[in-house]
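Using the hints, build the complex out of the two chains.
In case you want the letters, here they are:
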Amino acid sequence: MNKTDRQSPPPQVAPEVSGLQSGGTALGRYLALMALAGAPLVFLAKDPYWLNIIAFTYLMGGLAASWNIIGGFGGQFSLGHGVFFGIGAYVTAIATSRYGLSPWLVMVPAAVLAALVAMLISWPTFRLRGPFFAIATMAFNEVAFVLANHFDSFTGGPRGIMIPFKAGFANMIFRERWQYAVLMFVFVALVVGITVWLRRSRLGYYLLAVREDEDSARASGINVLSVKLQGMALSAFLTAIGGTLFTMYLRFIDPPTLFTLQDVGVKFALLSLIGGVGTIAGPLLGAALIVPFENFLRAELADALPGMNLAILGLLMVLAALFMKRGVVGAFEDLLRKIKGKKGGQ
Amino acid sequence: MSQALLQTRGASKHFMGLKAVDDVSLSVNKGEVVSIIGPNGAGKTTYFNLLTGQLAPTLGEVSLRGQTINALPPHERAKLGMGRTFQIVKPLIALSALENVMVGAFLQHARMADARDRAMAVLTRVGLGAHAKRRAGDLTLSERRRLEVARALALGPEIVLLDEVMAGLNQSETGRCIDLLRSLHEEDGLTFLIIEHNLKVVRAFSERVIVLDRGRLIAEGTAEDILSSPEVVKAYLGEGHQWTPS
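If you read the sequences in order, they're chains C and X.
Per numbering that gives the first Met the number 0, the first sequence starts with residue 0, numbered consecutively.
Per numbering that gives the first Met the number 0, the second sequence starts with residue 0, numbered consecutively.
Chain X extracted, bound-state conformation (with noise of 0.2 Å):
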């Protein structure tokens, strides 16, 4: 019913001779929430950076809108629609909030006065409107997760990859966050791949969930199957370990 806006293929990533990304294969399709889960060291990073194009793919294919990007820098597939966000964010902290957001917005508004009108939508649309001249340093790490969201945004992207969007918020902000990505999918369309360790958030928010493990992936479906798959739950916790879904 619709069409694949990001693709990989067979994609591998190979350190020496650690396959830390194998034989990778997903389609995202447009309009979907999809969430990568996996215990610490699967890969996750690893195929994020294959699909931004931090990481070149030793093997495989990586396709935006059908067209292979496997040779195109960041900043290309910045251009092409993709936004993302870090794990560890890294805000321009002497600057202020809004200032840190024009400089996604300039990608599509070269004039000064267009960026900063744009950027201060974006900042409102996230709730940190209130803060837009506050130092980036300044803000709580809750608030620099949103900027980092915001800074996305800015670009005008069609999907965004969120890596661990969510991680050291706690449960109230949690909630706030979730409910902004949701909105951001259900009012304005975006397509969201997200790494996410909460399980909490991956149940409520994605459509679609992948699991990676040891650089492959192991299991692919509903987040209501995939939390209850026994596989699953052995490749996170190990062996002899009871899930009590919450």
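So here's chain C without its partners, still in its complex pose (with noise of 0.2 Å):
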């Protein structure tokens, strides 16, 4: 009862918060995090072989940042955007291979109706929290794995579809793995731009609020379903748009390629979680870091021992999980705070 009564502690000790720099910084951090990441493709244009991880790395830092922002702002830890993703890539390639359409065209309304998808299955599977909401979105993506099966007319089942090689920009296919590596690199400047101006923006705020607490939330006048709606709707959009830059690139597609979970629908999650969930640059590092790292143990340890690689990866999981709990992100900034703590002499 009787703990010594100090007088608040004064605000020199004031620590600088994330996001709450004038709009300035924000546009600053931003050039500068893109630009880092834009480098290796710099470097490293001519070499075809890295070309394709540098793309991959792009493409999977833009998904997890689109992933980012239902399941790390909001919370809801959705392990279900295979679907929306699939979404993205069954309509661009059954309209571009059946119909001949471009598409550029394609994957708009492709991503409008992967987030029509997203919130009208989401509508009632909010109602479920933490895990429960996990493992129905989980659930969603085995139900979209069976429908592509067997609607083989449409999505040619197993045998999946195959996009004819017809190079031109307009039917964004490009003779040259540097061009898809731009492509990829756009998609995550795009992503990651949006993240940046979501988090300084309303909306932002109320997906922060609903993950903290929800029944806070309601008491400070947010609508919490509709927030979460609109964070689905949102992180769902774009990561249809992956998915059709994942078709376009790879020009073959089938259910496996686009609904393994530990690929997919997983993975945004895991590279979100590894990086730093709920931050700007988190999603992108944590591509960086495991995408090239899971290629090099492919090429090196899988004729020698099979699924080494994967068991290799799976006990860095397991590590981070234990002992990075706010991802890559979270551990620099507690580094930066302990340092910065120490140098205000408390």
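Errors might be hidden in some of the hints.
[Unchecked claim] Taking lysine-lysine pairs in the DSS-like style, the calculated list, with each CA pair at most 30 Å apart, reads:
| # | chain 1 | residue 1 | chain 2 | residue 2 |
| --- | --- | --- | --- | --- |
| 1 | X | Lys18 | X | Lys233 |
| 2 | X | Lys89 | X | Lys78 |
| 3 | X | Lys199 | X | Lys132 |
| 4 | X | Lys89 | C | Lys324 |
| 5 | X | Lys18 | C | Lys339 |
| 6 | X | Lys29 | X | Lys78 |
| 7 | C | Lys337 | X | Lys233 |
| 8 | X | Lys78 | X | Lys132 |
| 9 | C | Lys324 | X | Lys132 |
| 10 | X | Lys89 | X | Lys233 |
| 11 | C | Lys339 | X | Lys132 |
| 12 | X | Lys89 | C | Lys337 |
| 13 | C | Lys324 | C | Lys339 |
Derived by calculation from the structure, the hints in this document are not laboratory data.
Note that the structure is a prediction, hence the values are computed from the model and not measured.
Structure follows, in structure tokens:
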């Protein structure tokens, strides 16, 4: 009871809080981050092996950042984003291979469709909290897998869909790998740019408030369901765009490529977790660490001992979950605060 | 003389067989300060939740400015001018104090810059102006309580419901908190409905006190009358205790 009463500490120990800088520094940080992210593309532009890895890193970074909007900021741990990714991919593949439409034209309507589907399946599942929500969304991913296999007149079923190689900007098919890498870079820059904006917008604050405590959010006048649906729609929209780009890069899709959990739905979440969930740079950082490493493991170990690459990756993720709960970005922030705290004489 | 701002008529909440709130009728007038006291488990917080919309009443009616709001969800009630704090404070710990308050300020100020100005003004009002940029997670309990009040004030409410906002504060912190609430009441004309365990606070701040016990409203009156009523002492402390008001 009788704790010694001290005056509230003087405000000189005031660690800067991310997100509250003026618009200028936020933009500066964003540009610095994108310059850093773009550097490998510039330096390795001649190497097709690395360009492939770089393109995938950007794509996965953009997809993880899309997931992070609802999974990180909104705290709704979706494992069903493969569904939206798949919608983007299938609509693009069908429209281009069967009807000869340009992927550029198809991309946005496909993303709108994904956003609508996202709202439709989220409406009931948002009643569930925490792990139950995650499991329900995972189930939707499996349903999508089954449906894609079943409706083979539409999706090609297990045979998948092949998109013929007709190079040209209008077809979003390029001769050079670096052109794809640039395309993926634009995608990740767009998604990260949107998260930067979102983090400073009313919707962004509302998503954070909902993540932290729904009751308290409601008391602040926030319509929790509506905010979650908006966040999910935006997240699904961007994920579907990623699906379009993925399809045009590979020019072949089938259900296992799109709906294998550990490669798609769970992967988006994992990359964010490793990098720092709910942060701006986290998903991109997670992709930059994991995607190249995965490629390395697959190349070096897969032949020697089948499955070894996955085992090592799994182990790393367990370690990260144990010791870096807030991801690389979180660990870095903690370190920074510690150093600042010491300087402040506390 | 004054119009009922927030009112319940025969409000009850039953959980299975348990009558957590049982037939409580109360009206809070504009500009009043009303305290709810009662022993643990008396149904105070459940009653609060009926008022804020967290729970729907099993029976009876909740109304705001004469309009029945039984079916209105909490966020709609917030828009109608009802602010509340929670017994367990849950600030957005990763955000700054200012950003925490901005979340509430958005309700009336859609533009970022306006919301920030409003939030800053409210923070200053509760005495946290100097702490605007600090992480909410780094604030002391006393500061977090103030932040919680600021979050409610940012909504621009007419009535504020405080659920044990002084719990865990020491004497001098409690004193400062009472001063703050009193000035919000007197200068800004806010109406307060508070749940409070600390009877000193009840005595110092409230104009009217109601006592809940086992879900029922067992007494209502001025702080002086209530705190010296044998029935209330009995409900609080059990039989055979002597109450010595200090």
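Point to revise | Violated constraints from the hint list, given by number and in increasing order | key: 3, 5, 7 and 10
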